[in-house]
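Go ahead and model the full structure; you've got the sequences and the hints to work with.
Number of protein chains: 2
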Amino acid sequence: MAVYTDVSFEELESFLAGYNIGAPLTFKGIAEGVENSNYYLQTTKGAFILTLYEKRVRTEDLPFFLGLLEHLAARGIHCPLPVRNLAGAQSVILGGRTAALFTFLNGVSLRRPEAGHCAAAGAALAKMHAAGKGFALTRKNALGHDGWDELVQACLPRADEVEPGLADLIATAHREITANWPSGLPSGVIHADLFPDNVLFMGAEVSGLIDFYFACNDAFAYDLAVMLNAWCFEPDVAFNVTKSKSLIAAYAKQRPLTAAEREAIPTLARGSALRFLLTRLYDWLNHDPHALVRPKDPRDYSRRLRFHRKVRGVGEYGL
Amino acid sequence: MAVYTDVSFEELESFLAGYNIGAPLTFKGIAEGVENSNYYLQTTKGAFILTLYEKRVRTEDLPFFLGLLEHLAARGIHCPLPVRNLAGAQSVILGGRTAALFTFLNGVSLRRPEAGHCAAAGAALAKMHAAGKGFALTRKNALGHDGWDELVQACLPRADEVEPGLADLIATAHREITANWPSGLPSGVIHADLFPDNVLFMGAEVSGLIDFYFACNDAFAYDLAVMLNAWCFEPDVAFNVTKSKSLIAAYAKQRPLTAAEREAIPTLARGSALRFLLTRLYDWLNHDPHALVRPKDPRDYSRRLRFHRKVRGVGEYGL
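Chains B and R supply the protein sequences, listed in that same order.
Position in the first sequence counted from 1, then plus 112, gives you our numbering.
Position in the second sequence counted from 1, then plus 112, gives you our numbering.
One thing to keep in mind: the hints can contain errors.
To be verified - Just so you have them, the derived chain R footprint on chain B, three or more residues with Cβ under 8 angstroms:
1. 276 to 282
2. 349 to 360
To be verified - Distance condition first, Cα-Cα at most 25 angstroms in a straight line; then the derived DMTMM-like pairs of lysine to aspartate or glutamate:
3. R/Lys408 / B/Glu147
4. B/Lys408 / R/Glu123
5. R/Lys252 / R/Asp348
Claimed, not checked - Now the in silico label distances, taken between C-beta atoms and shown as ranges:
6. B/Arg224 / R/Pro401: 29 to 37 angstroms
7. B/Lys252 / R/Phe307: 44 to 52 angstroms
8. B/Arg223 / R/Gly296: 52 to 60 angstroms
9. R/Glu182 / B/Val349: 43 to 51 angstroms
10. R/Thr370 / B/Glu125: 17 to 25 angstroms
11. B/Val349 / R/Lys245: 57 to 65 angstroms
12. B/Thr156 / R/Ile205: 52 to 60 angstroms
13. B/Leu249 / R/Asp272: 55 to 63 angstroms
14. R/Asp409 / B/Lys252: 40 to 48 angstroms
15. B/Lys167 / R/Leu397: 26 to 34 angstroms
16. R/Pro401 / B/Arg411: 40 to 48 angstroms
Just so you know, the hints here were simulated from the structure itself, not pulled from any lab data.
The structure displayed is predicted, hence computed values, not measured ones.
Ideal Cβ positions, reconstructed from N, Cα and C, are used throughout, including at glycine.
The structure is reproduced here in structure tokens:
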């Protein structure tokens, strides 16, 4: 968690001259996300987040991300709304980076969400899926199942350095998941990274969804599977079926799952565990010791994947 | 700039139960300072900074720092006010660290202050010096002139790796400064680190002084000399006498300088340049590549020191 690109107050002042958002009262770098530099900005007219896109977000994807947030916000989803400048642009260049300004959302992200929070977040996901309908742009899931092969090949040779037997787990699971991957499931715009960090709460209510930089077009149920992994395991990686049941039921109350989706859940859960295992493992093996961010332990996800491979039916997820 | 100690919302909630400051609306790690972990907290009752003290601040010094802020705030200085908890304590343990909660100050720090800002900051320093009178606790300047010898010895062997001739500059300047160091100057509580980062502005006015973790008892004029180094050089390390003149005049308008103080300014300016050169050089030479903070370039201060050594009289500082 760090600020990579330093923005002086003087640079901020020139930048703000292009916007109609009042005079600055407070401007502070915040430790939010791992991919970009973020600043909290309070002005006489409100609170904002200024994001500078670092190398991991491709600027050619920004029209999708920024357009999506505008689309969702217009349909009642509490997400950061890109603030257009006086020229109507959603992004500008600042400090050598592409930068965008967003409305600030109150709320806090939870480290240990309870079953009630899982339900609220599941319902919020379903509402987001519905609100994404009609969005004109599309984006392929760069980390979707047909992109895993490259990561698998990059990680296998050194996987056992991290955990004995990990290479075998990855190769076997990847083969099984690919053989069973569902097709033709209801699809649309998904968040693809809705971890508890990315859901803001005010008390028991969801006050915001943030960090849409993995959003893409894919199966809705895959998004739900990501959440099963991110929300329904305890710190010791024990699966909590009460949380999973609450999450899925609250989602399905907004958008009932089809029979094909229900059947696909175990495979999707394995697949999304593999996806996060692979990216964490890759970052772990290729970590620059001078980087300002410490990589996350991939073993949290090898343990999830092992759990899902033992699941014998959707009942184990509370369905 | 980073957050070292991670505080979950759940930990925050337990912590807040000990305070009467309302319910949390926003809680974000901020990239403030280099020594501690800081969080921005907004509640239904106001905005606060939560600070967790990392290893560089000695917890036995906290009663001095926190007591000083309370003392200064009570005398009208805009500085962070430690918020006492329901038990009356100024600090508690959180996430394995000693932590304190402060009122939040609006305002922004400037990267390139103009002469008018230098004047406003100089006046603010003089007011702080006056307000510090009567504070019951004292703290020795751990980085004062009688503590430099140790740093000099630690840095000399490898100084020339950073800049050819640096070891000679340090040894010679240290000898000269020690020989000429003034005694008996008006003294009291000084900030000792009043860089532009630590002064908040709202437009042309100072809205706050922050980061008192080097505060100690020493000569007032030494504090002014720190500011000459921190505020009156351009990015290319050219000395700006207009800024220096503005800063000193505005300070002296609040508290006239004695003849001995005026005469001592060149030596104090050399001394404070040496102090920051030594600590930056030490951090540069002993930098842990895994640390989340990148060290500052010590050469900014060797160049300042070289400037001050050529000064032939206080007129060159605009006195």
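Between the beta carbons of R/Asp409 and B/Lys252, is the distance compatible with 40 to 48 angstroms? Given about 44 angstroms between the Cβ atoms, the range holds.
Does the beta carbon distance between B/Arg223 and R/Gly296 stay inside 52 to 60 angstroms, or does it fall outside? Because 56 angstroms falls inside the window, the suggested range holds.
Do the Cβ positions of R/Pro401 and B/Arg411 conform to the proposed distance bound of 40 to 48 angstroms? 25 angstroms, violated
Taking the beta carbons of B/Thr156 and R/Ile205, is their distance inside 52 to 60 angstroms? Violated: the Cβ-Cβ distance is about 38 angstroms, outside 52 to 60 angstroms.
Starting from the hint 29 to 37 angstroms, judge whether the C-beta atoms of B/Arg224 and R/Pro401 obey it. 33 angstroms, holds
Is the hinted range of 26 to 34 angstroms satisfied by the C-beta distance from B/Lys167 to R/Leu397? Taking Cβ atoms as reference, B/Lys167 and R/Leu397 lie about 30 angstroms apart, which means the hint holds.
May I ask you to test the hint 57 to 65 angstroms on the CB atoms belonging to B/Val349 and R/Lys245? 59 angstroms, holds
For the pair R/Thr370 and B/Glu125, does the Cβ-Cβ distance stay inside 17 to 25 angstroms? 39 angstroms, violated
Report holds or violated for chain R covering the segment 276 to 282 of chain B, Cβ cut-off 8 angstroms, minimum 3 residues. Our answer is that it is violated, as 0 residues pass the Cβ test (under 8 angstroms) against chain R, missing three.
If you draw a straight line from the CA of B/Lys408 to the CA of R/Glu123, is it 25 angstroms or shorter? Judged against 25 angstroms, a Cα distance of about 21 angstroms means the pair holds.
Confirm or reject the claim that B/Lys252 and R/Phe307 have a C-beta distance inside 44 to 52 angstroms. Check passed, 48 angstroms falls within 44 to 52 angstroms.
I want to verify a distance hint. Is the separation of the beta carbons of R/Glu182 and B/Val349 within 43 to 51 angstroms? 46 angstroms, holds
In the structure shown, a violation is registered for the earlier hints numbered 1, 2, 5, 10, 12 and 16, in ascending order.
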